[in-house]
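Residue numbers (our numbering), protein chains in the order written: chain A, 1 to 337; chain B, 338 to 693; chain C, 694 to 931.
Read the hints as simulated data drawn from the structure, not as lab findings.
Please note: incorrect hints may appear among the correct ones.
[Unchecked claim] In silico negatives: residues of chain A with every beta carbon more than 12 Å from chain B:
#1 GLN43
#2 LEU47
#3 GLN64
#4 LYS115
#5 LYS138
#6 SER167
[Stated by the list, open to error] In silico DSSO-like links for lysine-lysine, alpha-carbon gap of 30 Å or less:
#7 C:LYS834 with B:LYS460
#8 B:LYS569 with B:LYS688
#9 A:LYS163 with C:LYS710
#10 B:LYS581 with C:LYS846
#11 C:LYS702 with B:LYS569
#12 B:LYS678 with C:LYS834
#13 C:LYS715 with B:LYS477
#14 C:LYS781 with B:LYS475
#15 C:LYS831 with B:LYS569
#16 A:LYS163 with B:LYS345
#17 C:LYS702 with C:LYS873
#18 C:LYS738 with A:LYS249
#19 C:LYS905 with A:LYS252
#20 C:LYS873 with C:LYS761
#21 C:LYS873 with B:LYS467
#22 A:LYS163 with B:LYS569
#23 B:LYS496 with B:LYS569
#24 B:LYS496 with B:LYS672
#25 B:LYS569 with C:LYS743
#26 A:LYS163 with B:LYS352
#27 B:LYS470 with C:LYS834
#28 B:LYS662 with C:LYS831
#29 C:LYS700 with C:LYS761
#30 B:LYS581 with C:LYS743
Note that CB positions come from ideal geometry on N, CA and C, so glycine has one too.
Here is what each chain is made of, one letter per residue.
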Amino acid sequence: MKENIVIIGGGIAGMEAAKQLLVLGYNPIIIEQQDHLGGHVSQWHKLFPDMTSSHELLDGLSNQIKDANVFLETKVNSINALGDSYNVILNNGVNIVAKAVLVASGFHLFDAAKKEEYGYGVYDRVITNADLEAWFNKRADARIPEHPKAVGFVHCVGSRDLKAGNSQCSKVCCTTAIKQAIEIKEIFPETEVYCFYMDLRLFGKKYEDFYINAQRDFGVHFIRGRVSEVGETIDNRVQVKAEDTLTGKPLKVTLDLLVLMSGMVCNPRTNELAEMIGLNIDDDGFLKSKDNVYTIMESNRPGIFYAGACTGTKTVPETVAEARAAVLSIHHYLTQA
Amino acid sequence: MITEGKQKIWSDYQKEIPDDHWYYVRSCIRQNFFPASEKMFTEITQKVLGKDLYETPHHTTCGGIAYHCDTIPQETVMTIVARQFALMTEAGYENYVPSCITSFGNYCEILETWHEFPELEAKIRENLWKACKREFKKPKYLAHTSDLIYHWRNAIAAKAKHHLVNKETGEPLKIVEHIGCHYAKMFPSKGVGGAEYPYVLAGMVESWGGQVVDYPERRHCCGYGFRQYHVKANRGYSVSNTHKKFESMEPFHPDAIITNCPGCPYFLDRWQYVIAEQTGKTYGKDGFGIPVFTYEEMAGIILGYDPWDLGLQLHQVAVEPFLDKIGVEYDPKAKYLGMNKEDIMRPELPKSIKCC
Amino acid sequence: MNNKDNKPKNLYEELCKDYRFKEGFHTCINCGTCTAICPAAEFYKYDPRKIVSIVQTRDDQQIEELLKSDTIWYCGECMSCVTRCPRKNGPGLVIIALRDLSARLGYFTESEKGRQLLPLTHIMTGNILNYGYCVHPKSFKWEDHKESGPVWKWHTEHLEQSLARQGANYMGDGPGILRKIPQESLDELKAIFDVTGGTERIRIVEEYSKAKAEEMGMDMEEYERQAFEYCSDKHFNH
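This is chain A alone, in the form it adopts within the complex (with noise of 0.2 Å):
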């Protein structure tokens, strides 16, 4: 009988984790709390930095771990050690008894609600990141004019700010907010653009191309300042102040749309998770690894292990590849005990 390994999360990092159990012979269960699988990366238009669809990398996924057992709209109720394995109960009431358990629990987006001064919810042209990738995909939201002609992206919105509670950078905002500028720019070639940084990290390979392409293709504004407050004019359009900190002055645009370049932060839902199997929890609210060097997919118990988002911000690739390493991780766990 082939070993059960249960995956929380049926994100990318789980699905690319079920992939690999199969392959080397396991039964990757995947607990997966929405209707469907692939956690963010499913709610996206397309990835950077090759303008990836997320669409066909998922359904390319799925396709290889039809064998794998999922649940879907399902959640864990409680875990309890069992000898060398532990018995996870899901609220369907099925039990798993598994030797290795893989938390893929990924992050949650930054409710941009929370950033009170830019309005979102409150000012009729305020987004979010995701909610302009969901327009991509459908083209359908009543908050974007049909013809904008000047956008702004927020970058930093809940992360790298202590008054948020999130000091952690989120990796992904400055290379997420160039490709939605320059996919802006695509559909809209008339529209202004500007982007709102306090520092351009990017870091990965290829990113720094889509930087140069924002600028020389597109002529994107990069303006670096971190928006200090957003107003609301009589034409229901968005007032933005902050300052272009490279010239030393204070700026006022005003914009048809502001998209808020949501950050990462934990899943409330994995806190929970940690507590029921005494899971250790760092300071920034993700979950603990043994180390953040070397061991990053190990956890203080043994046969429980991280892959993805859950321990902190990372992109997809760098998600893909702690899933695969993971499961090597179980895989020697599991042949050497």
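Following the hints, complete the assembly by docking chains B and C onto the known chain A.
Only chains B and C this time, still in chain A's reference frame:
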């Protein structure tokens, strides 16, 4: 504008405001420039609503303005405040309500600093004992007078003779609210509605029948800036900030502005006159300005008090067009009379901005 | 006491002792959130971000230049910056600490805006110690406040009648609006000033201002009047 979004935020910032037994301290600026507003506050609190509000003649300035003009050290302002608290303690009260936003901010800041640095509080207690032989307890509740009027807004509405409604059209009047910076910008949780969408004045306007108008520069400072007004050479700062606000609110055609800060109504009123003198521009209809009211003045208007008992004759921007809109009756000839209808002459009327 | 000997060994360390500084300065990310909404930044050549950034260098020479400059006097202490800083700084609080140090060391006399501290000190502490208020009708001269309009000219010309009409208890006994603060309470305020350094601060500001007036070849009245009224055009953004 998505109203539900604002309501959600408002509900996140509710503060506990006891209904009765308040120790009252006055505002330096308001006593000078809007004396009748403080009169109206005690009238509403004590006479209309029958609440216990205590004032001792021995209380003084809190020193807040001098402090923010950088003319007194922190220990000085803290010890003055400690003395104010001692007077409250001696009077047997624990709910403290200042009439001034600078004071309110000053008290919030000092209590927070003492909380964070208890050794400083100990030092101030020692200072107060040395200087005045007094001891104090910290207030159990601290509210601004506008918090109390907000708290009682519906009780006031129940007794209203007028509403913030255009009597001709039946439409609610469009009211701009202006919150003093020190109300909640330093400590958002201390203000009703928080720092970004304060509800303290908006709640009154809604309760009294008006419609709150938001505009892009709503949160911007009126331009007081302490030393930026008190020193003659700096007043350009002050007027330029008021100007920015009026340019931003102009397209919304507000019928009036309601404020909760001592300085703001003065600056928003007087700088309209100065802007008119300097540029010929006025922001109301037909050469008038936009009238600016304190929350007590507005409460007094809807409760049916005589506008000249409310001190509205001390505004430079004429209030009559506003009174006419809601159908308040008044005697224009009585506007500038003294006590017992004594003739004390009339101010000269400026040519740049229409006055009555 | 010779004020010239006041200079501390290290200005940054001196700032660190100030509670406003402890509350208002942590680490600055130079994002400009403070400057973006600063009422002073649009009007003056002023950038609160740069001030915090200079302080963050801990470089005494730069801090000393700052303390002697007009720059620190442009802020209106509205504290709008405090709401927004993502690093929980309060640039406005840093300014208060810098101004305090500038006053103590006499550096304020080195700038046009700094020299305004003398008339301000006289107006504010005079009102507090003489009347118990920060602002008082007896010292509010319409001639210095023409912006208060013709209505206020009329009001000040008929002050007692007008205030009585407003329900004030002007200079009266007992509680009420603009009441006379009892002498024993004024005596307590004076004692507080003496105990807490308020009186000493007035002395220091006057002493440094006097020295500066001499240096500028002015008598005190002329010096103070100029500080109160004169505004050169070097300060403005536009």
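Tested hints:
no., hint, verdict
1, GLN43, "22 Å, holds"
2, LEU47, "31 Å, holds"
3, GLN64, "42 Å, holds"
4, LYS115, "9 Å, violated"
5, LYS138, "21 Å, holds"
6, SER167, "20 Å, holds"
7, C:LYS834 with B:LYS460, "38 Å, violated"
8, B:LYS569 with B:LYS688, "24 Å, holds"
9, A:LYS163 with C:LYS710, "24 Å, holds"
10, B:LYS581 with C:LYS846, "27 Å, holds"
11, C:LYS702 with B:LYS569, "36 Å, violated"
12, B:LYS678 with C:LYS834, "27 Å, holds"
13, C:LYS715 with B:LYS477, "26 Å, holds"
14, C:LYS781 with B:LYS475, "26 Å, holds"
15, C:LYS831 with B:LYS569, "18 Å, holds"
16, A:LYS163 with B:LYS345, "19 Å, holds"
17, C:LYS702 with C:LYS873, "46 Å, violated"
18, C:LYS738 with A:LYS249, "9 Å, holds"
19, C:LYS905 with A:LYS252, "41 Å, violated"
20, C:LYS873 with C:LYS761, "40 Å, violated"
21, C:LYS873 with B:LYS467, "25 Å, holds"
22, A:LYS163 with B:LYS569, "38 Å, violated"
23, B:LYS496 with B:LYS569, "44 Å, violated"
24, B:LYS496 with B:LYS672, "25 Å, holds"
25, B:LYS569 with C:LYS743, "27 Å, holds"
26, A:LYS163 with B:LYS352, "20 Å, holds"
27, B:LYS470 with C:LYS834, "36 Å, violated"
28, B:LYS662 with C:LYS831, "38 Å, violated"
29, C:LYS700 with C:LYS761, "13 Å, holds"
30, B:LYS581 with C:LYS743, "24 Å, holds"
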